[in-house]
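So the sequences go chain by chain: A and B.
Residue numbers are given in numbering that gives the first Met the number 0: position 261 of the first sequence equals residue 260, and the series is strictly consecutive.
Residue numbers are given in numbering that gives the first Met the number 0: position 56 of the second sequence equals residue 55, and the series is strictly consecutive.
Read the hints as simulated data drawn from the structure, not as lab findings.
A couple of the hints might just be wrong.
Heads up, simulated DSSO-like pairs for lysine-lysine below, C-alpha to C-alpha not over 30 angstroms straight-line [to be verified]:
#1 A:K256 with B:K7
#2 A:K158 with A:K256
#3 B:K93 with A:K318
#4 B:K92 with A:K318
#5 B:K69 with A:K70
DEER-style ranges, computed between Cβ atoms [said to hold, decoys possible]:
#6 B:G158 with A:S31: 26 to 32 angstroms
#7 B:E123 with A:E157: 52 to 58 angstroms
#8 A:P301 with B:D169: 52 to 58 angstroms
#9 A:A302 with B:E123: 55 to 61 angstroms
#10 A:P301 with B:K112: 27 to 33 angstroms
#11 B:Q52 with A:K253: 20 to 26 angstroms
#12 B:E30 with A:G246: 26 to 32 angstroms
#13 B:E123 with A:S20: 50 to 56 angstroms
#14 A:Q192 with B:D157: 53 to 59 angstroms
#15 A:S31 with B:A110: 35 to 41 angstroms
#16 A:D187 with B:L111: 42 to 48 angstroms
#17 A:D187 with B:A110: 44 to 50 angstroms
#18 A:I24 with B:D157: 35 to 41 angstroms
#19 B:K128 with A:L366: 35 to 41 angstroms
By construction, the Cβ of each residue, glycine as well, lies at the ideal position given by its N, Cα and C atoms.
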Amino acid sequence: MNAVAAMPPKSFEVKPKLDESGTPIGELLEISMGPHHPSTHGVFRMDVVLDGETVVKLKPVFGYLHRNHEKIGENISYLASMPYTDRLDYFCSMTNNWAYALTVEKLAGLAVPERAEYIRVIMAELTRLQNHTCLIGFFVQDMGALGTPMMYAFREREKILDLFESVSGARMMCNYMRFGGVRVDVNDEWIAQTKKVVSDYSKFLDEFGTFLTENEIVLARTQFIGVMSKELAVNASITGPMLRAAGVNYDLRKVDKYGIYSRFNFQVPVGEHGDIYDRYMVRVLEMRESIKILEQALRDIPAGPVMDPKSKLRGFRPKPGEVYGRVEGPKGELGFYLISDGSPNPYRYRVRPPSFVNLTILEDMCLGHRISDAVVILGSVDIVLGEVDR
Amino acid sequence: METLEQIKVRLEVALPSAKVEILANECALGERSLLVDAASGFAMAKFLRDDTQLKLDFCSNVTGVDWPDKEFTEKIKVKQTVDGVEKEVEDVKKTVRPGYLEVVYHLYSMALKHGPVVLRLRTENRADKTHLPSLTPLWRGAEFQEREVFDLYGVIFDGHPDLRRILMWDEFDGFPMRRDYIAPDDFEYEPTPHDEVLVEAKKHYPVEPKAEVKA
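Construct all of the structure, not just a fragment, from the sequences and the given hints.
Below you can see the structure in the form of structure tokens.
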């Protein structure tokens with residue numbers, strides 16, 4: 000039977016520590032961290048109650064970027080939502096595109112040509128590389144190493160964004176995938192360039208690793224901080240590197256085997272302690288695995304069309320029905336839930352954003368730690384407010 | 000994984016008072032869903048989570064769907080006497096399906112790596128009886144997502160530990176994801192609304208009490 004009977008959130012009433020006679024020592028301090036704070040990764044606010052420097056209550060407050068993405072999706076055609084999905088998680092527009100295209104393909108029963116499947120895997124893994132690189136940059140910045148590590152990360156990210164730009168025309172808002180394939184083909188020159196970036200990447204990871212992995216300050220700030228148990232992680236629907244750092248082997252690339260992931264030889268790194276250091280390490284190891292997948296995909300990519308000739312972009316009306324599709328985004332499970340009533344617009348368009356759900360237990364991870372640790376814990380969750388607020 | 004029919008049979012054995020229905024899905028690759036009644040929804044969800052064969056420990060996605068009142072027209076033939084001659088005349092019969100709000104849960108199993116089982120709960124109507132049991136005590140992952148459904152659709156989850164608006168601000172009035180929601184223009188911030196903006200803005204003004212005419 001399930002070991003976790005129920006995990007209700009912690010109660011809201013907090014009181015300062017009492018001394019032996021039962022009188023409170025000092026007062027609690029309630030501060031509002033954000034929405035304009037450099038460490039909150041966007042317009043995000045935490046209502047924190049502090050006892051000295053210790054967090055005794057923390058409530059995340061968001062919605063500052065809310066534009067009702069789902070309502071917009073219900074009022075425009077299926078294809079017109081594609082560029083909007085770029086704006087969800089603006090670091091990973093390629094995986095957002097893929098998740099949406101995958102769901103619509105499932106809804107309409109479209110097939111994807113071989114070459115397009117390979118291109119999608121290449122794009123998704125490049126996205127994962129740059130997302131994790133940036134995240135580690137930000138997260139070292141959250142620990143106080145201002146500027147330099149982040150610039151190293153951004154230097155590498157820019158190389159990948161250059162590849163995206165040369166194929167889709169945009170660095171971040173790629174709008175690259177279509178139902179039944181991808182928008183434009185890649186040429187041999189691009190593949191050669193990508194091979195070079197990928198082969199240089201492990202060198203960069205080695206270099207980055209020597210600075211961080213055994214760094215005394217990093218170890219002191221991350222080990223045994225923000226620990227999340229395996230049971231709580233599963234119960235709270237945590238997905239992605241956060242979940243795997245807690246020791247649960249659940250990667251949709253292995254579980255669902257969507258696209259052509261069953262063809263590649265790669266492993267799923269799993270953490271042990273569920274603390275921040277494991278989350279960092281899982282991401283580093285995941286990047287190494289992504290490089291492996293990229294090398295295989297770039298080697299095996301076949302020639303051929305990149306678009307299903309039968310797929311219709313204009314006047315696209317899938318048959319009535321509903322479908323839930325999900326992919327392993329760099330931040331976790333990104334899902335789309337679509338209900339079609341046979342009209343050109345979806346009847347219901349729902350995004351299951353990974354970082355929104357991963358924020359559920361932010362309070363549980365921060366309680367008992369210092370306020371400066373709460374910043375690092377938030378950094379290790381890897382949120383993007385475009386996706387949290389939608 | 001078991002088929003939905005098998006799950007349904009086992010649910011009915013375990014909870015005899017429960018009403019379970021399998022909803023078809025016209026999309027071939029999509030999943031069919033289990034519609035359960037609100038009264039026994041919590042007990043059934045608990046069964047699905049704790050059952051050793053299913054172990055649906057991962058509540059991936061929670062979302063709301065709004066189904067407003069829908070009018071169905073059906074053509075029926077009615078016999079009528081016109082000018083003394085009996086004729087078959089086509090008549091249109093109208094039936095109205097009352098609207099409801101629906102909450103959809105996508106449940107997976109991380110332990111056994113299968114899924115999804117799609118669970119649906121429906122409210123009685125869209126106006127005053129929008130209560131449903133909260134499944135947050137079973138899956139913490141539903142906490143924020145149920146808050147979002149409450150915020151955008153107005154479903155009230157009984158038993159939710161912290162049911163507040165999450166994306167919209169607390170003072171916001173209305174439920175923006177409902178189909179009949181009137182999207183505001185910038186009238187709210189217009190100090191002196193005029194022309195089209197005034198017409199739009201009037202939709203949102205409270206009804207003015209009529210001035211009493213003095214004799």
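Hints and how they fare:
{"no.": "1", "hint": "A:K256 with B:K7", "verdict": "28 angstroms, holds"}
{"no.": "2", "hint": "A:K158 with A:K256", "verdict": "29 angstroms, holds"}
{"no.": "3", "hint": "B:K93 with A:K318", "verdict": "25 angstroms, holds"}
{"no.": "4", "hint": "B:K92 with A:K318", "verdict": "26 angstroms, holds"}
{"no.": "5", "hint": "B:K69 with A:K70", "verdict": "20 angstroms, holds"}
{"no.": "6", "hint": "B:G158 with A:S31: 26 to 32 angstroms", "verdict": "29 angstroms, holds"}
{"no.": "7", "hint": "B:E123 with A:E157: 52 to 58 angstroms", "verdict": "55 angstroms, holds"}
{"no.": "8", "hint": "A:P301 with B:D169: 52 to 58 angstroms", "verdict": "55 angstroms, holds"}
{"no.": "9", "hint": "A:A302 with B:E123: 55 to 61 angstroms", "verdict": "58 angstroms, holds"}
{"no.": "10", "hint": "A:P301 with B:K112: 27 to 33 angstroms", "verdict": "30 angstroms, holds"}
{"no.": "11", "hint": "B:Q52 with A:K253: 20 to 26 angstroms", "verdict": "22 angstroms, holds"}
{"no.": "12", "hint": "B:E30 with A:G246: 26 to 32 angstroms", "verdict": "29 angstroms, holds"}
{"no.": "13", "hint": "B:E123 with A:S20: 50 to 56 angstroms", "verdict": "54 angstroms, holds"}
{"no.": "14", "hint": "A:Q192 with B:D157: 53 to 59 angstroms", "verdict": "57 angstroms, holds"}
{"no.": "15", "hint": "A:S31 with B:A110: 35 to 41 angstroms", "verdict": "40 angstroms, holds"}
{"no.": "16", "hint": "A:D187 with B:L111: 42 to 48 angstroms", "verdict": "44 angstroms, holds"}
{"no.": "17", "hint": "A:D187 with B:A110: 44 to 50 angstroms", "verdict": "45 angstroms, holds"}
{"no.": "18", "hint": "A:I24 with B:D157: 35 to 41 angstroms", "verdict": "39 angstroms, holds"}
{"no.": "19", "hint": "B:K128 with A:L366: 35 to 41 angstroms", "verdict": "37 angstroms, holds"}
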